[in-house]
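Chemist: Residues per chain, in single letters:
There are 2 protein chains.
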Amino acid sequence: MSEAYRELRVELGDRGYPILVGKGLLGNCDLSPYVSGSTVMIVTNDIVAPLYLEMVRNSFPGCRLNEVILPDGEAFKNWETLNRIFDALLEQRHSRKTTLVALGGGVVGDMAGFAAACYQRGVDFIQIPTTLLAQVDSSVGGKTGINHPLGKNMIGAFHQPRCVLIDTDTLQTLPRREISAGLAEVIKYGLIREPDFLAWLEDSMSRLTGLDADALTEAIYRSCACKAEVVAQDEREGGLRAILNLGHTFGHAIETHAGYGNWLHGEAVGAGMMMAADLSNRLGLITDEDRRRVESILTSAGLPTSVPAGMTPDHFMNLMAVDKKNVDGQLRLILLRGLGEAEVTDRFSPDALADTLATFCH
Amino acid sequence: MSEAYRELRVELGDRGYPILVGKGLLGNCDLSPYVSGSTVMIVTNDIVAPLYLEMVRNSFPGCRLNEVILPDGEAFKNWETLNRIFDALLEQRHSRKTTLVALGGGVVGDMAGFAAACYQRGVDFIQIPTTLLAQVDSSVGGKTGINHPLGKNMIGAFHQPRCVLIDTDTLQTLPRREISAGLAEVIKYGLIREPDFLAWLEDSMSRLTGLDADALTEAIYRSCACKAEVVAQDEREGGLRAILNLGHTFGHAIETHAGYGNWLHGEAVGAGMMMAADLSNRLGLITDEDRRRVESILTSAGLPTSVPAGMTPDHFMNLMAVDKKNVDGQLRLILLRGLGEAEVTDRFSPDALADTLATFCH
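Just so you know, the protein sequences line up as chains W and Y, in that order.
If you read the first sequence in my numbering, its first letter stands for residue -16, the second for the next number, and so on.
If you read the second sequence in my numbering, its first letter stands for residue -16, the second for the next number, and so on.
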């Protein structure tokens, strides 16, 4: 194992697991202690495989290894691609003692995790996220799933991994646009729960966009710690966990409207957080200065703060009507109460929401 | 609620639920207390809908009701059909507070249950099984799933219902062949755990095949009670629960070979239990007389005790190699130790298994 890494734990009783964060972990660690049987199926994609597959294969000494290489991209986060994982598992006769390894970004993690949740009614899996977005968000907390033509992540399961291994070196090969998309979720943790972290991010943004390894480790560690705390309190999103969706209701509408993959998830969340901040400001929950701070940090992270050209308030209202947080047809949103605190609510003035939508859809 | 019914409870802590068994329950009960939101999606098939859908609609006063009617049969227990449930839920904008109701046999129950497990990462569901097989087996215990071309029930989830409602009147419209198929699972409970119940079944078989309501209620109640006890001890089949698979390893091979739906599940399990009894006898675990008792009760229930013509030992060995109970490639079987006791084991002479297969594949 690499000497310099940080470790934290998601506290979920017998489903608890460690998250390891550091530079140079891949290729220097033995993950076989997290494998309960003797077989492993590595799930990755055609972009990541040439870069890291061989390193990961060496992390499971003594195991029978197979792999399935999926096409890259959100457009493939569907049943047909998922079924390629099941085909591979059955063709190679993997039993329910097998372990799946998700090596890649959020799409690979969500699909490999959902395949693990469903294969023979549930097998183990390990997350090795290689994008910043997956490292700070989707690889932690056990949400897995695929998209449906009528909505994102509509089909899925809660299924916790056995461990999460995060190597900051993988970010060196990541397109700049994806670094920014990941930073959207990092900023989110500051906005919803961690005012000190938010201030640190405002100070450290140029080191982060410059891929400074120590700054990245710190940002990822603190993001994962924040998410782990929330998930430990509310694994299945009965309440608190919903605050992790700040900006996501607007963001999902943007992603669906733009067509999966045209806007990156983090970009849509960035614009969505700007809309949530605007609405919070109109409702008197945050000051004008707070609203400007949100816009400033999003911009410094290279994120959009406006919506796709041509999108109308009706587009938003129709797409947000199928959001998973809604209860019996009532739209629910995450709003800010100052910077560093958030709440889930269906109590907001429809006029204020209409004003926010009209302002962004000019 | 009907006056004469019996109730038992599956003890699974906060996932525990009641099973109601009786004559004339459908159309005489209010199931809305088991609905946590205000919307219900009834999942049924084109055979059952004309018979019972209207009665069931009346069981949810005050709820917004939709329905999705699937084609009947095991051949449709696949992703394409499952997706029709997701389509209906999303088109009708059901939120994650919705409740699915499975009205039909095991195929409908498995698919509606799996849809409930996956829709928005999990919603409530209620089982209203209308076949004997579903009433005594698949509706109880939370196993849900669909088939894959390479194996039965290979994709699924453990997801417990909120309640199970069993009306013995629905058996009056069931083809005789399906009554026999259901009796295979009833006999199974006697063989694996309940010697007194087995003796009662030997005495009562003509009343059961004659659809006597009191005898059916007793057989269903005792079957569900036996299954509930086993499931409460081992919800996710880490150990004990596997004994419920007596005859199923051979049986699944028969079903897959014959093509889904050509042999009914219970028929295949009947033949499979005969094979398990034969192997147990060869291994000295049960007497010749015990073996004859098994053959006799299966025959009196109208079940096959031989395998499909043309099936070879190689067919069995290849199909059994993908069984979910196997660990790291080692075949595991349920064997009898006397009548009324069973064990899961991978310790048996391969020669004895070969002899059993050769005898049945003559």
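The hints are simulated quantities; they were obtained by calculation from the structure and are not laboratory data.
It is possible that some hints are incorrect.
What the hints assert, rightly or not - If you want the footprint, here are the derived chain Y segments under chain W, 3+ residues with CB under 8 angstroms: (1) 77 to 84; (2) 96 to 104; (3) 110 to 124; (4) 268 to 281; (5) 300 to 309.
Unchecked claim - One-sided and incomplete, this derived list gives chain W residues near chain Y with beta-carbon spacing under 10 angstroms: (6) 22; (7) 183; (8) 194.
Claimed, not checked - Partner residues are not named here, just some residues of chain W that face chain Y (Cβ under 7 angstroms, in silico): (9) 67; (10) 69; (11) 300.
Nothing here was measured: the structure is a model prediction, and the numbers come from that model.
No residue lacks a Cβ here, since even glycine has one placed at the ideal position from N, Cα and C.
Chemist: Each hint should be assessed against the structure and marked as holding or not.
Modeler: Status of the hints after comparison with the structure:
1. 77 to 84: holds (count 3)
2. 96 to 104: The restraint on the segment 96 to 104 of chain Y holds, since 5 of its residues have a Cβ under 8 angstroms from chain W and three suffice.
3. 110 to 124: violated (count 0)
4. 268 to 281: violated (count 0)
5. 300 to 309: Since 4 is at least three, the answer is holds.
6. 22: holds, 7 angstroms
7. 183: violated, 32 angstroms
8. 194: Check failed: Cβ of residue 194(W) comes no nearer than 34 angstroms to chain Y, outside 10 angstroms.
9. 67: violated, 12 angstroms
10. 69: For residue 69(W), the interface hint holds, since the closest Cβ of chain Y sits about 6 angstroms away, which is under 7 angstroms.
11. 300: Since chain Y brings no Cβ nearer than about 13 angstroms to residue 300(W), farther than 7 angstroms, the hint is violated.
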